[in-house]
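Student: Okay, here's what each chain looks like letter by letter:
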Amino acid sequence: MRLTPKVKKILSYYESDNPGTKANLARLLMHGHLAGTGRMIILPVDQGFEHGPRAFIANPSAFEPHYHYDMAIDAGLAAYAAPLGWLEAGADTFAGMIPTILKVNSSNSLYSKDNPPNQAVTASIHDALRLGCSAIGFTIYPGSDASLDMFEEIRDLAAEAKACGLAVIIWSYPRGALSKAGETAIDVVAYGAHMAALLGAHIIKVKLPSAHLENEEAKKQYTHHKIKIDTLADRVRHIVQSCFDGRRLVIFSGGEAKDVKSIFEDAKAIVDGGGNGLIIGRNSFQRPREEAMEMLDGLTHIFKEQK
Amino acid sequence: MRLTPKVKKILSYYESDNPGTKANLARLLMHGHLAGTGRMIILPVDQGFEHGPRAFIANPSAFEPHYHYDMAIDAGLAAYAAPLGWLEAGADTFAGMIPTILKVNSSNSLYSKDNPPNQAVTASIHDALRLGCSAIGFTIYPGSDASLDMFEEIRDLAAEAKACGLAVIIWSYPRGALSKAGETAIDVVAYGAHMAALLGAHIIKVKLPSAHLENEEAKKQYTHHKIKIDTLADRVRHIVQSCFDGRRLVIFSGGEAKDVKSIFEDAKAIVDGGGNGLIIGRNSFQRPREEAMEMLDGLTHIFKEQK
Amino acid sequence: MRLTPKVKKILSYYESDNPGTKANLARLLMHGHLAGTGRMIILPVDQGFEHGPRAFIANPSAFEPHYHYDMAIDAGLAAYAAPLGWLEAGADTFAGMIPTILKVNSSNSLYSKDNPPNQAVTASIHDALRLGCSAIGFTIYPGSDASLDMFEEIRDLAAEAKACGLAVIIWSYPRGALSKAGETAIDVVAYGAHMAALLGAHIIKVKLPSAHLENEEAKKQYTHHKIKIDTLADRVRHIVQSCFDGRRLVIFSGGEAKDVKSIFEDAKAIVDGGGNGLIIGRNSFQRPREEAMEMLDGLTHIFKEQK
Amino acid sequence: MRLTPKVKKILSYYESDNPGTKANLARLLMHGHLAGTGRMIILPVDQGFEHGPRAFIANPSAFEPHYHYDMAIDAGLAAYAAPLGWLEAGADTFAGMIPTILKVNSSNSLYSKDNPPNQAVTASIHDALRLGCSAIGFTIYPGSDASLDMFEEIRDLAAEAKACGLAVIIWSYPRGALSKAGETAIDVVAYGAHMAALLGAHIIKVKLPSAHLENEEAKKQYTHHKIKIDTLADRVRHIVQSCFDGRRLVIFSGGEAKDVKSIFEDAKAIVDGGGNGLIIGRNSFQRPREEAMEMLDGLTHIFKEQK
Amino acid sequence: MRLTPKVKKILSYYESDNPGTKANLARLLMHGHLAGTGRMIILPVDQGFEHGPRAFIANPSAFEPHYHYDMAIDAGLAAYAAPLGWLEAGADTFAGMIPTILKVNSSNSLYSKDNPPNQAVTASIHDALRLGCSAIGFTIYPGSDASLDMFEEIRDLAAEAKACGLAVIIWSYPRGALSKAGETAIDVVAYGAHMAALLGAHIIKVKLPSAHLENEEAKKQYTHHKIKIDTLADRVRHIVQSCFDGRRLVIFSGGEAKDVKSIFEDAKAIVDGGGNGLIIGRNSFQRPREEAMEMLDGLTHIFKEQK
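Taken in sequence, the protein lines are chains W, P, U, H and A. Going by my numbering, the first residue of the first sequence is number 1, and it counts up by one from there. Going by my numbering, the first residue of the second sequence is number 1, and it counts up by one from there. Going by my numbering, the first residue of the third sequence is number 1, and it counts up by one from there. Going by my numbering, the first residue of the fourth sequence is number 1, and it counts up by one from there. Going by my numbering, the first residue of the fifth sequence is number 1, and it counts up by one from there.
Read the hints as simulated data drawn from the structure, not as lab findings. Here the structure is a predicted model, which means the values were calculated and not measured. Incorrect hints may appear among the rest.
As the list claims (entries may be wrong) - Computed list of lysine to any residue pairs in SDA-like fashion (alpha-carbon distance at most 20 Å, straight line):
{"#": "1", "chain 1": "P", "residue 1": "K228", "chain 2": "W", "residue 2": "T4"}
{"#": "2", "chain 1": "U", "residue 1": "K180", "chain 2": "H", "residue 2": "H66"}
{"#": "3", "chain 1": "U", "residue 1": "K9", "chain 2": "P", "residue 2": "K228"}
{"#": "4", "chain 1": "P", "residue 1": "K220", "chain 2": "W", "residue 2": "S109"}
{"#": "5", "chain 1": "P", "residue 1": "K228", "chain 2": "P", "residue 2": "D245"}
{"#": "6", "chain 1": "U", "residue 1": "K113", "chain 2": "U", "residue 2": "D74"}
{"#": "7", "chain 1": "W", "residue 1": "K9", "chain 2": "H", "residue 2": "Y13"}
{"#": "8", "chain 1": "H", "residue 1": "K8", "chain 2": "W", "residue 2": "T93"}
{"#": "9", "chain 1": "W", "residue 1": "K6", "chain 2": "H", "residue 2": "Y13"}
{"#": "10", "chain 1": "P", "residue 1": "K9", "chain 2": "H", "residue 2": "H66"}
{"#": "11", "chain 1": "W", "residue 1": "K226", "chain 2": "A", "residue 2": "A58"}
{"#": "12", "chain 1": "W", "residue 1": "K304", "chain 2": "W", "residue 2": "E256"}
{"#": "13", "chain 1": "W", "residue 1": "K9", "chain 2": "H", "residue 2": "H66"}
{"#": "14", "chain 1": "A", "residue 1": "K207", "chain 2": "A", "residue 2": "A159"}
{"#": "15", "chain 1": "P", "residue 1": "K9", "chain 2": "H", "residue 2": "T93"}
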């Protein structure tokens, strides 16, 4: 199997990484219906940890761990991401069928909001190897009083992952010393994405940013230099620029359940802005399977055909 | 000894585990009067750590550590669970007579309630091996400010246990940022059970849930989707569903001492809802031996005969 | 499950061992048709390593690894012993169905006879744990120029096995600085068995001894003190005496394929002499299954009914 | 990507392995033109270590390490196997394009024949991970006075490889206490293959056996039981049987350079006998590229179309 | 290449360091246009972590990580300093072209100001080695409630760095229990610099100090002893004196973006006061490249020609 020039180009950006890590990045980029395009759709199912099993009530088939592996494979997605127990429950049945990402830290909403936003480290690099994963996923909360600890956790895990030839994906979700609007403000999302890149992430996952500017100093700069942030595509472009000017893969989270039309609009904006794809959980598994497959098919076409 | 089809099926769900861990799960499922049924009754005696030896005053024979081994064996239970010292005091006398579970963390009620709910890790995997245990038991308190630390402790212990062929049982007891009623609310118990499964538990132990819904967002979902939680059997069924749709064993704690009739009703509801059994301490050892044996016998019949 | 007084008595002899090791010894002694009698029949299949797959030509079903697990279970034997790969090929399918013994060193007959008799260490204690084994098996060749190294290997492996709650079985086969007849001479077999016990074996496996006396000094002693070694039962009795006067389990190997009648005679002599059983490979799997089952059934009756 | 039923079946034989190792076995079985058939052609280039760079003189393009990666990919082979430096010289350029096998021990022909046949361990499991390999390859020389040491080396390396989710391939080449004809005698090759399986190999590589019988005892058995070893296909069938009756993959080495017609005949015999494929080095890279590609194409057709 | 007498002299001050560390110090002192002069200009780009990617808005070329390597090399600077991800993105392309300094801890401005000033440790000594760096950079905040922790972090990192032959640069920025003016007060900067030297720094980086005296006791002493602190050169001289009387290299940070003229004046004062150079980030990369190059050229001339 030859890599496409597009994928070769992307791999060349990861110039300090060993061939093992590059092979795993290649696996993510050469799998499923978007193989070779440099774009990817990933199915993440960490909502059970984050919000509890009520996440599966809207579509009870989703209580069953094989359901998600199955849908990700049938939809031709690039990868499936989940916490330890969820992967353990299907890793043997689906071995070799789709790249997997072990989410190695996990938040939960029973944990008091009086604490600084934080996650528990719930899996190890050795777990990722024995389960045959291609990458680890780790969430940071820039802005949280626990953020420095989180940065130090991912430093250690990323170093070990890279030495073992795994790829590292950072979910960067600013929160804590921020207004609610600030959490998705373009300056803040750009900052969170940049920090993830500086921490050594191969792939950066952020929320789609709004046009809000949180930081006063940033507001001055953006205004003075007339940075284009009016359309979603503009904002995606600025995030891509903030991730080493396109030298790191950036994917966007689908967010809360919403209608298909607006998801497709998001996808088009990601394509227009040069983003690398979508990591879309709730909008996939909280729909009946047929609807979800149709939606994922639609997304695949958008990511495949445009540009 | 051939495993029953039921037990074979259950073992097949633990698809990422090594044969050593499966053999220990088989030991738990093929021992005692319920051998082969996929159901189990376990005797836990960690009340001494949790509430002090006053737990044994109602039935002074229970001060003697051999008493519990003895009763568990005579009653044909699946296993006996206790903290380090309690097992050390009988492990030789009763070696080979009943599967044992080393409770590797322990709470105590002298520890100030001003601290976030927490337990001390009081035993190791090596202890479990040298004492001939089949599994370790570990309590998590989702909702506690100490919960992230507890998750990280069990991550490490579970990884080591699994590598050594032991099974992992998580006691999941939400508390901390919750109302008293919330600790046994159906949405909260389901959430706690799901987290235990995601942390990699083979067997999940929770309290029998009430019909209360603690979380506002959950309440909306349960109501909107008309989730049946009216009867105890309905609620057990929802917990089983929340544990990977039946791919993980779930057992329920007997709770505080109560009359035999209501214990039997609980057991019937567990059977009706598809739960895998009962872990019943105080109601066993705080009764005179004869009464306890009669009760355990009654429970065995319920678990054996129904469905 | 209560241990029988016989098994309780035997376990009491292993007074320095931890409860984990005793539980595994109990497992061997409480499994299969001879459970509780203090006697056992074990199926060993290490002939493939020792003589090559031609060992299976007489009964081609035996080329398949599940065949042996299956027969051992159906025949109600105490345990199944084999090298690493052979156990790996069935440990999951038969998890929890029969105690297994991992043979951790292996000889082979391609290795030049010009070298001192020796075996390679081909598995680890960690392998035994992950495969759910109850014991490790290790061969020593007292008399070989490599024997001191072998003693030191089993010293290390036994220490680790015991710390992890596993039992240790030593196959003691004197050879090297001995005549062919000397290898099974009563004084030599007794010496080899005693060394195995001194090295810390829980169970000692030797060949059935002949009345030959190899060592001149020994011959004088045996003659002078009128040691009874005329009948096989006498010799078995002397071996049992040499293994801490009955405080260690001793089992005898079946040796080369022979007729059923003489195997039964051997078994009766073992019973008469107070030996603990038979470890019988070639005579089991080199016969068609039905014949083998009949023979094992016959042996079981001999071990069960006599005395 | 769904696995074919054939590949699913093969993976089910590796029942003690973790999902990581199974995913890597799946990678080998689902790559290239023979993906999904359960058969594979592997390109090994360890001749440079074994015989020196003169191995490349017949086709000087082969001096360049990228040449081999390139040919293996273009020919749609299952994998490419080579020693450390040879893989290091191309692992980045070809990352993600073809499964690779790190040969972790290496022989050389400058080493005096007065020594027992042996190889140096020349790479580690960590090397395999950082280079993105799917498996390690290791040669044993059953019959050599160094064989016990080699067995102990692969025991350690295989345990570590399996824990890290890698597959293990053993090259089993009996030599040492054997006649030249004996090295490829059917009884000896079967024995070597069986030992590799017992040592825990996932894939076993042997030479195509002759009808010669080396061992006197074996000769009696084979003759007495009328084992069919007349045709090459018969002999392949016996080797497959000797590898756990088909529960382990067996591939055959192409051997010295020879004409294409006889290579094709070998391949047909492998197919007829139920072997899993060919590992063909010298016959691939000692021909001009075009000729080699044509030959590999021919082999692919034979493995794909027959039966 | 011979070292100049000046550089030889400087190296002689590091008398407890191993030759590896000295070789790396020599690399910094013998590279670029100022090679051999004992002075250096370093380009640091850690503003992305500290203030977010908005730092690059004024000069969008600076979003691209290669831009900085490139400019540092073209300007003939002594070294380039940056956090992990930023170096990883160019370390291969520019390997061997310029000494690099891995900034191993990082601050960020999303972290609440309610916390004591602190930084996360975001890279390791192993990272520095694998990326081919000559030194590590570490920030301390003397005066912060987190300062003791920071001192202990650099103690560990410095010890490991020195053992591996790397040089250690400490950025010493007093803050916390200080007035805003106090952060650059001459007594405070001198104190911070001295602590860095005492912590084992080879090179100390501080801000250019003001004539303000923060500490009352210090003020008395400075006044009483008529310490000259009127001109910037005087104050630089006092800092150099505070760094072991010139036995440790001291470099000054350029601070916020300002006009070229005042930068040149700063540089002249550094030369006059005996400082060893400038570490100038924002003033380099927030200008268009041509302007920046001109400025760096000007600085080089000042450091080269004077004295």
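Student: Given the hinted pair K228 of chain P and D245 of chain P, is their alpha-carbon gap at most 20 Å?
Tutor: holds, 16 Å
Student: Verify the proposed pairing of K8 of chain H with T93 of chain W, using a straight-line Cα cut of 20 Å.
Tutor: The hint holds at about 9 Å.
Student: Are K304 of chain W and E256 of chain W close enough, with their CA atoms no more than 20 Å apart?
Tutor: Violated: K304 of chain W and E256 of chain W sit about 24 Å apart, past 20 Å.
Student: For the pair we were handed, K207 of chain A and A159 of chain A, check the Cα-Cα distance against 20 Å.
Tutor: violated, 25 Å
Student: Hinted pair, alpha-carbon criterion (20 Å max): K9 of chain P, H66 of chain H. Please report holds or violated.
Tutor: violated, 49 Å
Student: Going straight from one Cα to the other, do K9 of chain W and H66 of chain H come out at no more than 20 Å?
Tutor: holds, 19 Å
Student: Is the Cα-Cα distance between K226 of chain W and A58 of chain A 20 Å or less?
Tutor: holds, 10 Å
Student: Would you mind confirming whether the straight-line C-alpha gap from K228 of chain P to T4 of chain W stays at or under 20 Å?
Tutor: violated, 52 Å
Student: Within 20 Å, alpha carbon to alpha carbon, are K6 of chain W and Y13 of chain H?
Tutor: violated, 39 Å
Student: Is it true that the CA of K9 of chain U sits at most 20 Å from the CA of K228 of chain P?
Tutor: Status violated; Cα separation ~56 Å.
Student: Between the alpha carbons of K113 of chain U and D74 of chain U, is the straight-line distance 20 Å or under?
Tutor: violated, 38 Å
Student: Hint check: K180 of chain U vs H66 of chain H, CA-CA at most 20 Å. Holds or violated?
Tutor: With a Cα-Cα distance of about 58 Å, the restraint between K180 of chain U and H66 of chain H is violated, given a limit of 20 Å.
Of the numbered hints stated above, those contradicted by the structure are hints 1, 2, 3, 6, 7, 9, 10, 12, 14 and 15, listed in ascending order.
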